[in-house]
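Produce the complete structure using the sequences and hints provided.
In the order they appear, the protein sequences are chains A and B.
Position 12, counted from 1, in the first sequence is what our numbering calls 12; the numbers after and before it change by one each time, with no gaps.
Position 192, counted from 1, in the second sequence is what our numbering calls 473; the numbers after and before it change by one each time, with no gaps.
None of these hints come from the bench; they were simulated from the model.
It should be emphasised that the depicted structure is a prediction, and the values quoted were computed from it without experimental measurement.
Note that CB positions come from ideal geometry on N, CA and C, so glycine has one too.
Be careful, since some hints might not be right.
[To be verified] Across the chosen pairs, the derived CB separations fall in these ranges:
(1) LEU295(B) with PRO193(A): 20 to 28 angstroms
(2) LEU192(A) with ALA342(B): 18 to 26 angstroms
(3) ASP108(A) with LEU363(B): 47 to 55 angstroms
(4) GLU174(A) with ASP462(B): 26 to 34 angstroms
(5) LEU302(B) with PRO193(A): 23 to 31 angstroms
(6) THR141(A) with LEU566(B): 41 to 49 angstroms
(7) TYR417(B) with THR167(A): 49 to 57 angstroms
(8) ALA431(B) with ILE21(A): 19 to 27 angstroms
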Amino acid sequence: MRAPRVQTIALTLALGLLAVIWLAPIVWVMVTSLKLTADIVRLPPEWIPWPVTLEHYQEVLFSSSRTARIGRAFGNSLVIALGAVVIVVVTAAMAAYPLARMRFPGRDLVFTLLVGSLMIPNAVVLVPQYVLVQQLGWLSTYQGLIVPEAAMTFAFGVFLLRQFFVTMPGDLEEAARIDGANTWQIFSRIVLPLSQPVLAALAIFAFRSAWNDFLWPLIAVNKPEMFPLPVALALLRSAYSSESYGPIMAGAALSALPLLVVFIVANQRIVEGVRVSGLKG
Amino acid sequence: MPRRRRRQTRTAYLFLLPGLLLFAIFRLYPLLEGLRLSFTNARLGRATYQYIGLANYTRLADDTRFTVSLWNTAFYTVASTLPILAVPLLLALALNRGALRNVLRGVFFFPFTLSVVTVGLAWLWLLDPVVGPFNYYLRALGMPARSWLADPATAMWAIIATTVWWVTGYYLVVYLAGLQDIPRELYEAAALDGAGGGRTFWTITLPLLRPVLLFVVVTHVIGSFQIFGQVFVLTGGGPGDVTRTVVQHLYETAFQNFFQFGVASAMAWVLFAIILVFSVLQFRLLRGHTEY
Numbered sequence: 001m002r003a004p005r006v007q008t009i010a011l012t013l014a015l016g017l018l019a020v021i022w023l024a025p026i027v028w029v030m031v032t033s034l035k036l037t038a039d040i041v042r043l044p045p046e047w048i049p050w051p052v053t054l055e056h057y058q059e060v061l062f063s064s065s066r067t068a069r070i071g072r073a074f075g076n077s078l079v080i081a082l083g084a085v086v087i088v089v090v091t092a093a094m095a096a097y098p099l100a101r102m103r104f105p106g107r108d109l110v111f112t113l114l115v116g117s118l119m120i121p122n123a124v125v126l127v128p129q130y131v132l133v134q135q136l137g138w139l140s141t142y143q144g145l146i147v148p149e150a151a152m153t154f155a156f157g158v159f160l161l162r163q164f165f166v167t168m169p170g171d172l173e174e175a176a177r178i179d180g181a182n183t184w185q186i187f188s189r190i191v192l193p194l195s196q197p198v199l200a201a202l203a204i205f206a207f208r209s210a211w212n213d214f215l216w217p218l219i220a221v222n223k224p225e226m227f228p229l230p231v232a233l234a235l236l237r238s239a240y241s242s243e244s245y246g247p248i249m250a251g252a253a254l255s256a257l258p259l260l261v262v263f264i265v266a267n268q269r270i271v272e273g274v275r276v277s278g279l280k281g
Numbered sequence: 282m283p284r285r286r287r288r289q290t291r292t293a294y295l296f297l298l299p300g301l302l303l304f305a306i307f308r309l310y311p312l313l314e315g316l317r318l319s320f321t322n323a324r325l326g327r328a329t330y331q332y333i334g335l336a337n338y339t340r341l342a343d344d345t346r347f348t349v350s351l352w353n354t355a356f357y358t359v360a361s362t363l364p365i366l367a368v369p370l371l372l373a374l375a376l377n378r379g380a381l382r383n384v385l386r387g388v389f390f391f392p393f394t395l396s397v398v399t400v401g402l403a404w405l406w407l408l409d410p411v412v413g414p415f416n417y418y419l420r421a422l423g424m425p426a427r428s429w430l431a432d433p434a435t436a437m438w439a440i441i442a443t444t445v446w447w448v449t450g451y452y453l454v455v456y457l458a459g460l461q462d463i464p465r466e467l468y469e470a471a472a473l474d475g476a477g478g479g480r481t482f483w484t485i486t487l488p489l490l491r492p493v494l495l496f497v498v499v500t501h502v503i504g505s506f507q508i509f510g511q512v513f514v515l516t517g518g519g520p521g522d523v524t525r526t527v528v529q530h531l532y533e534t535a536f537q538n539f540f541q542f543g544v545a546s547a548m549a550w551v552l553f554a555i556i557l558v559f560s561v562l563q564f565r566l567l568r569g570h571t572e573y
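Shown next, in the form of structure tokens:
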């Protein structure tokens with residue numbers, strides 16, 4: 001009995017050490033963002049930012065410099081990501097419900113089409129999507145970013161929610177129907193409230209996709225005041241010389257912040273969402 | 282009751298309508314429109330354009346930069362597949378029974394919540410040839426420091442390492458879920474038969490994880506062929522064209538270099554075709570019996 005226990009402790013210690021190393025890059029970003037400019041490039045690397053300063057955050061959030069638009073970009077990213085979340089959750093829930101719980105001609109075809117579309121690489125629709133958004137007059141607008149982001153996540157959302165709706169017991173729906181509730185009432189008052197965990201998982205997934213997407217906003221926005229965070233950050237990098245890592249790392253840390261908060265609050269939801277996404281294989 | 286059936290069909294499609302519109306307009310239509318554009322000489326701002334048959338595709342065959350970026354992308358995909366399969370699997374096996382399972386899972390997952398730009402910037406700073414901590418610690422250990430991202434021999438490997446760090450947590454969660462689904466009794470029976478850890482891994486764990494492995498490989502390959510952000514932030518495709526990838530080439534052709542939408546669409550469909558072929562091949566190769 002003794003040997004396995006020692007083994008377990010050794011394994012846990014090794015994993016703990018690896019976990020610390022694994023977090024080092026992002027810790028390094030945070031540490032750098034809090035250091036005085038003069039301390040940033042000092043060797044050996046100092047892992048405790050002392051004296052601490054918020055000057056880099058102040059610079060990227062509030063400075064009037066033309067390249068430092070991180071504050072505005074942060075707001076843009078919030079609008080875009082939240083907008084995409086609303087559209088994805090509403091449309092995917094409405095679409096997944098009949099696919100899971102009704103019988104109608106064309107159901108399997110629609111579902112197969114949606115699941116098959118998960119294989120469509122985003123890069124493949126890039127150019128025609130640009131042409132479409134341009135024709136709509138949506139370049140450099142919020143809707144031009146929100147709607148395509150939502151469309152990218154929609155099919156996955158349907159897949160995720162359908163998996164959940166299929167497993168719901170039918171008694172409640174049946175009872176409500178006997179009481180005279182129509183389909184919409186059953187959906188909005190019974191099915192949706194019971195689905196809150198999976199809806200939250202989808203919301204987080206959609207937020208993450210839209211918050212982090214880089215390629216689409218890189219081409220769909222050409223006004224600096226409309227840049228979302230990843231694009232503004234990538235361009236910030238070329239605006240500063242390599243010695244000024246401070247503002248760049250402050251921007252990088254800011255971009256990690258919302259999902260860090262979500263992640264600490266709702267770790268389990270995220271894991272659940274990923275788990276179900278893996279089941280499609 | 283055909284009347285009730287008809288009513289239910291109508292209700293179902295009313296529910297589906299908003300989502301299907303979104304899907305049809307912003308997903309399906311662009312896909313097919315891209316195929317059409319690939320047979321034309323369309324450019325941004327050009328009011329009219331002609332069908333030019335397969336000219337865009339034959340042009341690609343002569344475009345050495347496209348060929349190079351295709352090879353680079355293929356190299357990246359092949360070289361990153363083994364670490365992407367193995368690193369999260371080893372972690373999952375180690376974490377599966379451990380005490381700190383959920384905490385450590387969270388730690389390894391965290392990088393996956395970051396945007397590719399944030400990941401790129403973090404590693405750019407970490408790998409800085411002069412003042413970056415990575416080279417400092419290498420020197421401290423008596424190993425040679427390098428400009429990892431500026432050296433043609435190491436640039437792509439640095440990008441692979443960055444990507445592994447970024448996505449390992451995602452696949453770790455997928456593997457952990459797969460491991461949970463393997464019935465305990467199988468391991469108990471194997472232990473009774475006196476099978477050791479190594480044998481149980483090869484005869485029980487790995488075969489039963491087959492669908493999960495398939496998912497990981499297919500997802501990874503689809504993603505790898507589209508690699509763009511890491512390259513954009515870390516190397517810009519350099520040094521020379523050593524890390525130039527297909528999507529980067531497509532992006533530059535369509536949006537930086539005379540806005541050649543027709544040619545770029547042809548590239549997109551070549552890429553799509555390659556991804557499809559790979560996916561089908563993998564399904565064929567890895568699909569097997571998973572009954573237990």
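Status of each hint after checking the structure:
1. LEU295(B) with PRO193(A): 20 to 28 angstroms: holds (21 angstroms)
2. LEU192(A) with ALA342(B): 18 to 26 angstroms: violated (53 angstroms)
3. ASP108(A) with LEU363(B): 47 to 55 angstroms: Hint violated: Cβ distance 37 angstroms, outside 47 to 55 angstroms.
4. GLU174(A) with ASP462(B): 26 to 34 angstroms: Because 31 angstroms falls inside the window, the suggested range holds.
5. LEU302(B) with PRO193(A): 23 to 31 angstroms: Holds, at about 26 angstroms.
6. THR141(A) with LEU566(B): 41 to 49 angstroms: holds (45 angstroms)
7. TYR417(B) with THR167(A): 49 to 57 angstroms: holds (53 angstroms)
8. ALA431(B) with ILE21(A): 19 to 27 angstroms: holds (24 angstroms)
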